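When you get a sec, could you build the whole thing from the sequences and use the hints?
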Amino acid sequence: MTAKTRYFLLGSVLVLTVGLSIGLVAFYGGMPTGFFSAQQGPDELKYIPADATVVAYANVKDVMASDLRQRLRRFEGVTDEGRNEFKEQTGIDIESDLDHIVACGGPKGVGGEANGLILARGRFDSARIEALAVGHGGTVEQYKGKRLVLAPAGRDHEGATHGPGMAMAFLAPGLVALGGDKMVRLAVDSGDGAGSVLTNTQMMKLVADMDNPSMWAVGRFDAITAQASLPAEVTDRIPPITWFAASGRVNGGLQATVKAEAKDEQGANNLRDIIRGFAALAKMQAGTKPGMQAMMPDIQLAGEGKEVSISFAVTTDMLDAFAAASALSGKMKKNIEKNETK
Amino acid sequence: MSDTHPVPNVPTPPGPAAPASAPGPVALPQQAPPFFSAAMRVFDLSLGQMLWSRRTIFLALIVGSPLALGILFRVLEVMGLGGGVRVGGGPVAGPTIFGGMIWLLYLRFIVPVLGVFYGTALIADEVDDKTITYLFVRPIPRGAILVGKYLAYLVTTVFVVLPSVAILYLLVVPLGHGSLAGAFPALLSDLALLGVGLAAYGALFAFIGATFKHPLVTGLVFAFGWEQLALVLPGYLRRLTVAYYLQALVPHSMPQDGLGGALQALFRDVPPVWVSLVWLAGYIVVFLALAARAVERREYVLEQ
Numbered sequence: 001m002t003a004k005t006r007y008f009l010l011g012s013v014l015v016l017t018v019g020l021s022i023g024l025v026a027f028y029g030g031m032p033t034g035f036f037s038a039q040q041g042p043d044e045l046k047y048i049p050a051d052a053t054v055v056a057y058a059n060v061k062d063v064m065a066s067d068l069r070q071r072l073r074r075f076e077g078v079t080d081e082g083r084n085e086f087k088e089q090t091g092i093d094i095e096s097d098l099d100h101i102v103a104c105g106g107p108k109g110v111g112g113e114a115n116g117l118i119l120a121r122g123r124f125d126s127a128r129i130e131a132l133a134v135g136h137g138g139t140v141e142q143y144k145g146k147r148l149v150l151a152p153a154g155r156d157h158e159g160a161t162h163g164p165g166m167a168m169a170f171l172a173p174g175l176v177a178l179g180g181d182k183m184v185r186l187a188v189d190s191g192d193g194a195g196s197v198l199t200n201t202q203m204m205k206l207v208a209d210m211d212n213p214s215m216w217a218v219g220r221f222d223a224i225t226a227q228a229s230l231p232a233e234v235t236d237r238i239p240p241i242t243w244f245a246a247s248g249r250v251n252g253g254l255q256a257t258v259k260a261e262a263k264d265e266q267g268a269n270n271l272r273d274i275i276r277g278f279a280a281l282a283k284m285q286a287g288t289k290p291g292m293q294a295m296m297p298d299i300q301l302a303g304e305g306k307e308v309s310i311s312f313a314v315t316t317d318m319l320d321a322f323a324a325a326s327a328l329s330g331k332m333k334k335n336i337e338k339n340e341t342k
Numbered sequence: 343m344s345d346t347h348p349v350p351n352v353p354t355p356p357g358p359a360a361p362a363s364a365p366g367p368v369a370l371p372q373q374a375p376p377f378f379s380a381a382m383r384v385f386d387l388s389l390g391q392m393l394w395s396r397r398t399i400f401l402a403l404i405v406g407s408p409l410a411l412g413i414l415f416r417v418l419e420v421m422g423l424g425g426g427v428r429v430g431g432g433p434v435a436g437p438t439i440f441g442g443m444i445w446l447l448y449l450r451f452i453v454p455v456l457g458v459f460y461g462t463a464l465i466a467d468e469v470d471d472k473t474i475t476y477l478f479v480r481p482i483p484r485g486a487i488l489v490g491k492y493l494a495y496l497v498t499t500v501f502v503v504l505p506s507v508a509i510l511y512l513l514v515v516p517l518g519h520g521s522l523a524g525a526f527p528a529l530l531s532d533l534a535l536l537g538v539g540l541a542a543y544g545a546l547f548a549f550i551g552a553t554f555k556h557p558l559v560t561g562l563v564f565a566f567g568w569e570q571l572a573l574v575l576p577g578y579l580r581r582l583t584v585a586y587y588l589q590a591l592v593p594h595s596m597p598q599d600g601l602g603g604a605l606q607a608l609f610r611d612v613p614p615v616w617v618s619l620v621w622l623a624g625y626i627v628v629f630l631a632l633a634a635r636a637v638e639r640r641e642y643v644l645e646q
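So the sequences go chain by chain: L and U. Anchor point for the first sequence: position 26 equals 26 in this note's numbering, and the numbering is continuous, going up by one each time. Anchor point for the second sequence: position 160 equals 502 in this note's numbering, and the numbering is continuous, going up by one each time.
Please note: incorrect hints may appear among the correct ones.
Partial list, derived from the structure: chain U residues whose beta carbon lies under 7 angstroms from chain L [as the list claims (entries may be wrong)]: (1) Asp386; (2) Gly390; (3) Leu393; (4) Phe501; (5) Leu504; (6) Pro505; (7) Ala508; (8) Tyr511; (9) Gly524; (10) Phe526; (11) Leu529; (12) Ala590.
Just a sample of chain L residues kept apart from chain U, beta carbon distances all over 12 angstroms, derived [to be verified]: (13) Leu9; (14) Gly122; (15) Gly135; (16) His136; (17) Ile299; (18) Ser326.
In case anyone wonders, no lab produced these hints; they're calculated from the structure. Everything numeric in this text was worked out from a predicted model, so none of it was measured. All residues carry an ideal CB built from backbone N, CA and C; glycine is no exception.
Spelled out as structure tokens, the structure:
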């Protein structure tokens with residue numbers, strides 16, 4: 001073997017080793033965000049506080065343009081009245097001016113303070129929206145170089161102020177933040193990404209697993225149930241889930257996947273059993289009514305160890321069957337009403 | 343392993359069409375190396391020849407094209423052009439693009455092409471160059487020559503294809519916020535799969551090269567005629583292809599809509615992984631043995 005050949009083989013092994021090593025480091029969670037790639041998830045994540053319990057994303061443009069939405073609109077008989085009214089007031093056409101939204105829920109605030117935050121990316125007339133808010137009693141203040149529009153606090157029947165203070169801020173051109181006063185201020189604070197959810201390894205691992213769906217939500221299930229203040233009878237029956245990740249892709253129909261991580265394998269097995277039970281019950285119900293069979297999505301249950309995953313697809317055929325059944329039911333109702341009036 | 347290998351100064355047999363050597367058993371000297379040792383000597387000799395031949399330019403071009411595509415995707419993303427790669431109107435994430443490239447470019451094109459061009463040339467090139475005599479007069483089993491050359495082919499192609507896949511992984515997977523971590527298990531499977539694919543196609547085309555008169559044409563017809571046709575035909579004909587068993591090992595799923603979904607639906611009927619592995623191992627062993635047997639028994643006629 002010549003030296004040239006030997007060098008070539010060594011170089012080849014080196015390239016392969018480097019590639020595999022980077023993959024291996026990334027696999028075990030040691031890859032810094034932004035290394036070899038743009039940051040995982042949408043850019044707006046840098047405004048989400050690190051202690052957010054749930055983070056969600058929706059590609060409004062894709063959803064609005066999807067065949068699924070058009071079918072649902074026909075099915076529901078939705079008109080453009082509300083949309084037009086909103087557009088007249090704010091100048092925002094939800095269908096064309098909004099690109100995507102990122103939302104989060106933070107830890108429960110003191111005294112029931114609003115802990116939600118919505119970041120909307122699109123094309124907005126900031127002056128018009130600000131004027132509208134001020135016209136409705138809002139006040140404007142400067143906070144770290146950003147203009148914050150604060151909504152007037154609510155008053156109870158005794159005249160005392162109460163409730164969450166809502167706020168709005170234009171964080172960047174085409175990016176508006178809406179939510180609780182504290183959350184909007186936190187979004188302004190973490191504008192450089194420091195102290196944002198990008199530093200939350202566990203949450204970002206879930207975000208990174210999202211294969212560019214139209215919408216997704218990830219979060220700590222235990223924190224959500226704790227915030228919901230559910231009665232003990234309900235919480236006792238909820239399987240011990242720590243993390244969850246749900247995603248959906250709209251293109252024609254809807255392909256959705258929900259993943260959950262239980263506290264232990266026993267919990268995961270229990271959860272699988274519950275899902276199997278519900279799926280079997282639904283199948284049994286549909287089996288007796290042939291019309292319903294066409295509307296039943298095929299549910300796939302998967303996952304190993306502590307992870308449980310359910311995926312299903314709502315096809316356009318199912319929606320058509322649902323629409324046909326609904327139309328038939330409407331007709332029958334009308335006939336019954338006619339007969340009663342006679 | 344030594345750096346230089348003297349080629350024995352054996353004159354080409356005279357005459358208009360002289361046999362490379364007489365058929366029948368060849369009397370070997372008592373000090374002849376064992377089969378594996380002989381194969382390794384041929385491997386050592388052939389590796390450099392194969393790696394630095396004109397065929398390597400073709401190899402570099404063919405393996406470089408997916409990388410060029412990956413670089414283009416990255417440049418487009420960095421420049422913020424095109425809104426990422428889109429299939430059926432929807433954006434496609436890096437891991438899906440990577441899976442698609444492995445499936446369509448590497449598995450369905452690059453691996454068979456390399457198998458055809460290198461595999462069929464293992465013996466055919468020596469015959470065409472009239473240098474096979476030099477190899478056959480060496481005191482080593484003829485089968486060892488083929489096995490040694492096959493190993494050289496495997497090392498050459500594997501050491502070019504696999505690093506290119508590793509680079510492609512780093513280039514393409516992060517597209518559209520794709521996760522390197524999430525795609526890592528698929529990368530490992532892909533590397534193993536491509537290695538098995540190169541070995542299986544190499545063995546098959548080595549047999550074709552050692553047996554048929556026009557091996558390149560036969561190989562191309564098999565890879566891009568028979569295999570493509572048999573895979574889309576209903577029935578059991580697809581089981582007589584290598585691609586059918588390789589397809590079962592692909593860890594990626596294609597996009598569900600549009601062309602990707604249609605392609606996946608076409609190749610959805612796949613055997614279990616263990617069946618595929620057994621069949622591919624069988625292909626490698628059987629065709630390599632048949633190729634070695636053909637080289638042992640066949641009388642190669644060198645045209646003058």
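Structure-based check of each hint:
1. Asp386: Cβ of U/Asp386 sits 6 angstroms from chain L, so the hint holds.
2. Gly390: Because about 5 angstroms separates U/Gly390 from the closest Cβ in chain L, which is inside the 7 angstroms limit, the hint holds.
3. Leu393: holds (6 angstroms)
4. Phe501: Given a least distance of 4 angstroms, the restraint on U/Phe501 holds.
5. Leu504: Cβ of U/Leu504 sits 5 angstroms from chain L, so the hint holds.
6. Pro505: With Cβ-Cβ at 4 angstroms, under 7 angstroms, it holds.
7. Ala508: With a minimum Cβ separation of about 3 angstroms from chain L (threshold 7 angstroms), the hint on U/Ala508 holds.
8. Tyr511: It holds, given that the least Cβ distance between U/Tyr511 and chain L is near 6 angstroms, below 7 angstroms.
9. Gly524: This hint holds: U/Gly524 lies near chain L, its Cβ roughly 6 angstroms from the closest one there, short of 7 angstroms.
10. Phe526: Holds - the Cβ of U/Phe526 comes within 7 angstroms of chain L, reaching about 4 angstroms at its closest.
11. Leu529: Given a least distance of 6 angstroms, the restraint on U/Leu529 holds.
12. Ala590: violated (19 angstroms)
13. Leu9: Per Cβ check, L/Leu9 is inside 12 angstroms of chain U; nearest 6 angstroms; violated.
14. Gly122: holds (15 angstroms)
15. Gly135: Its Cβ never comes within 12 angstroms of chain U, the nearest being 37 angstroms, so this holds.
16. His136: Its Cβ never comes within 12 angstroms of chain U, the nearest being 36 angstroms, so this holds.
17. Ile299: holds (17 angstroms)
18. Ser326: The claim stands: L/Ser326 keeps its Cβ more than 12 angstroms from every Cβ of chain U (closest is about 26 angstroms).
This entry does not satisfy hints 12 and 13, going by the numbered hints stated previously.
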